[in-house]
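Starting from the given sequences, assemble the full structure and let the hints guide the process.
Note that the protein sequences, when read in sequence, are chains A and B. In terms of the numbering used here, the first sequence is residues 53 to 377. In terms of the numbering used here, the second sequence is residues 12 to 166.
FYI, nobody ran anything at the bench for these hints, they're computed from the structure. The structure displayed is predicted, hence computed values, not measured ones. Where hints are given, some of them may not hold.
Listed below are the simulated EDC-like cross-link pairs for lysine to aspartate or glutamate, each with C-alpha atoms no more than 20 Å apart in a straight line [stated by the list, open to error]:
(1) 267/A x 50/B
(2) 66/B x 295/A
(3) 133/B x 50/B
(4) 219/A x 87/B
(5) 198/A x 87/B
(6) 144/B x 34/B
(7) 143/B x 50/B
(8) 353/A x 34/B
(9) 85/B x 145/A
(10) 267/A x 34/B
(11) 285/A x 331/A
(12) 219/A x 202/A
(13) 66/B x 202/A
(14) 143/B x 116/B
(15) 333/A x 344/A
(16) 39/B x 271/A
(17) 74/A x 116/A
(18) 102/B x 295/A
(19) 289/A x 222/A
(20) 213/A x 135/B
(21) 134/A x 164/A
(22) 76/B x 87/B
(23) 159/A x 106/B
(24) 83/B x 222/A
(25) 289/A x 212/A
(26) 285/A x 238/A
(27) 148/A x 86/A
(28) 160/B x 295/A
(29) 102/B x 202/A
(30) 198/A x 106/B
(31) 134/A x 145/A
(32) 218/A x 87/B
(33) 188/A x 34/B
(34) 285/A x 202/A
(35) 333/A x 164/A
Here are the computed distance ranges between Cβ atoms for each label pair [unchecked claim]:
(36) 293/A x 91/B: 22 to 28 Å
(37) 85/B x 167/A: 52 to 58 Å
(38) 152/B x 88/A: 46 to 52 Å
(39) 172/A x 76/B: 55 to 61 Å
(40) 102/B x 91/A: 49 to 55 Å
Backbone N, C-alpha and C define an ideal beta-carbon position, used for all residues, glycine too.
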Amino acid sequence: MKKGLKIFAILLAAFIALQFWKPEEIEYSIPTKDLHNVPAEVNTILRNSCFDCHSSTVNLAWFDKITPANFIVASHITDGRKALNFSDWDKLEKPKQNATLFYAFNKILSGEMPIKSYAALHPNAKLDDRSISVLKNYLTTIAVRKPNQEVPPAAAKDVEKVILNKKITDYSKVKPTLNNISYIPDFRNWKAVSTSDRFDNGSMRIIYGNEIAVKAIAEHQTNPWPDGTILAKTAWKQKTEVDGTISAGAFIQVEFMIKDAKKYEATKGWGWARWKGNDLKPYGDSANFDQECISCHNPVKNNDYVFTAPLHLDINKFNIYNKTK
Amino acid sequence: MKLLHTIIIILIILLSGCGRNKENLNEKASVSTLDKLSENPLLLSPITFSINPSKATMSTLYGNKIAFQHAKTKADSSYPEGAVLYEVTWKQKADSLWYGANIPDQIISIEKVQFTRNTVPKYELYGGHPLKKVSSNNQNARIALIISKRIAVTP
Numbered sequence: 053m054k055k056g057l058k059i060f061a062i063l064l065a066a067f068i069a070l071q072f073w074k075p076e077e078i079e080y081s082i083p084t085k086d087l088h089n090v091p092a093e094v095n096t097i098l099r100n101s102c103f104d105c106h107s108s109t110v111n112l113a114w115f116d117k118i119t120p121a122n123f124i125v126a127s128h129i130t131d132g133r134k135a136l137n138f139s140d141w142d143k144l145e146k147p148k149q150n151a152t153l154f155y156a157f158n159k160i161l162s163g164e165m166p167i168k169s170y171a172a173l174h175p176n177a178k179l180d181d182r183s184i185s186v187l188k189n190y191l192t193t194i195a196v197r198k199p200n201q202e203v204p205p206a207a208a209k210d211v212e213k214v215i216l217n218k219k220i221t222d223y224s225k226v227k228p229t230l231n232n233i234s235y236i237p238d239f240r241n242w243k244a245v246s247t248s249d250r251f252d253n254g255s256m257r258i259i260y261g262n263e264i265a266v267k268a269i270a271e272h273q274t275n276p277w278p279d280g281t282i283l284a285k286t287a288w289k290q291k292t293e294v295d296g297t298i299s300a301g302a303f304i305q306v307e308f309m310i311k312d313a314k315k316y317e318a319t320k321g322w323g324w325a326r327w328k329g330n331d332l333k334p335y336g337d338s339a340n341f342d343q344e345c346i347s348c349h350n351p352v353k354n355n356d357y358v359f360t361a362p363l364h365l366d367i368n369k370f371n372i373y374n375k376t377k
Numbered sequence: 012m013k014l015l016h017t018i019i020i021i022l023i024i025l026l027s028g029c030g031r032n033k034e035n036l037n038e039k040a041s042v043s044t045l046d047k048l049s050e051n052p053l054l055l056s057p058i059t060f061s062i063n064p065s066k067a068t069m070s071t072l073y074g075n076k077i078a079f080q081h082a083k084t085k086a087d088s089s090y091p092e093g094a095v096l097y098e099v100t101w102k103q104k105a106d107s108l109w110y111g112a113n114i115p116d117q118i119i120s121i122e123k124v125q126f127t128r129n130t131v132p133k134y135e136l137y138g139g140h141p142l143k144k145v146s147s148n149n150q151n152a153r154i155a156l157i158i159s160k161r162i163a164v165t166p
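Structure below.
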């Protein structure tokens, strides 16, 4: 018993001593203005659930300030602010603000945000069904196109003419991305793995797969995808026609995921690349721009980081048919 | 008894979790063996795609080699003999992995436009589940619309 008490006393002393060891001071409480143009209700939800780590206004609980908890908290805050800082809201252009809110909402839906360990200790930060539906309703109002709702037909004179004045003739002149991936001009000859109607930002995408990808789909070997798989995703602007339908307008960008488990081990087995605009400008400011791709693709890590559920491109079945013909 | 229940529930969760990890095909949006088509249009070359928001459908225009080559190099509707186009139309569904996207659900129709020696191309409409040939009452308008579509531009 006496021995037990002694140990307890030593532990307590160590714990108290530990309290002098603190993480580097972060600026804790500079008030963050409400997000401009965003309804109060939405602001309240984000403030309660996200601002601790994603703004310069931090409301920590007493237990967050105890060593070692404070180290974890501090690292969450530093990393969280780096990834997304609502205090910088006004610096973003409107489309970027909207994209950020859609991204934030999808991080909530996927269960990644708020961070689980934090939510467990701060139950108020958890979003209930009502908060989720408030956010969802708000997002519906800022979506470039309202989901599944008629769009007013365009007047003939307003139908945008999509002209590509200068098709690139020598693709070897297209610059590689900073993570050293060269442009892959061939994807237009690949098969379509799926399509996506992005009403959030008014774009539409065809997801292409190269031969290895198509074979993997036919053979049900897509998790993980085999080395050599390349998925390409092209985005076009949605363009409204006179009959109220939407067709592919101006080219926005093309993105690639190139599978090589060894070569791209550091980036989850995929090489990530994006080229934007009609001059195919490589995207990214530094060689690790691909961290941004990985962060957003992270919720589908159990699908080998691929969102798209491919159409079943069964070749064999139809080969058999052709033979009997 | 309670413990047994817990163990069973945990096992079910674990097992269904494993199942989900395996593969991720959109089987429902694909062409099935039961469909009465002579080839799988999804294996041809995608030319462009379109969305009909009022009907919540999305369509991809596919072409065989001849049609695709024509669409790539000539911006007109005069496809040569031997060209085959397919307009495949899906019902849309919300993408469960990204709020903000719609993706293909079940195929509701496939239209085939085949260019022959005749001036008017041959039109076939497939509908129902499984897909089989059905008659169309606005064949000419549909042909005109399908052949008016131009390839989605990429630099």
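Problem - Hints the structure fails to honour - result: The structure conflicts with hints 5, 6, 9, 12, 19, 20, 33, 34, 35, 40, although it agrees with all the remaining ones.
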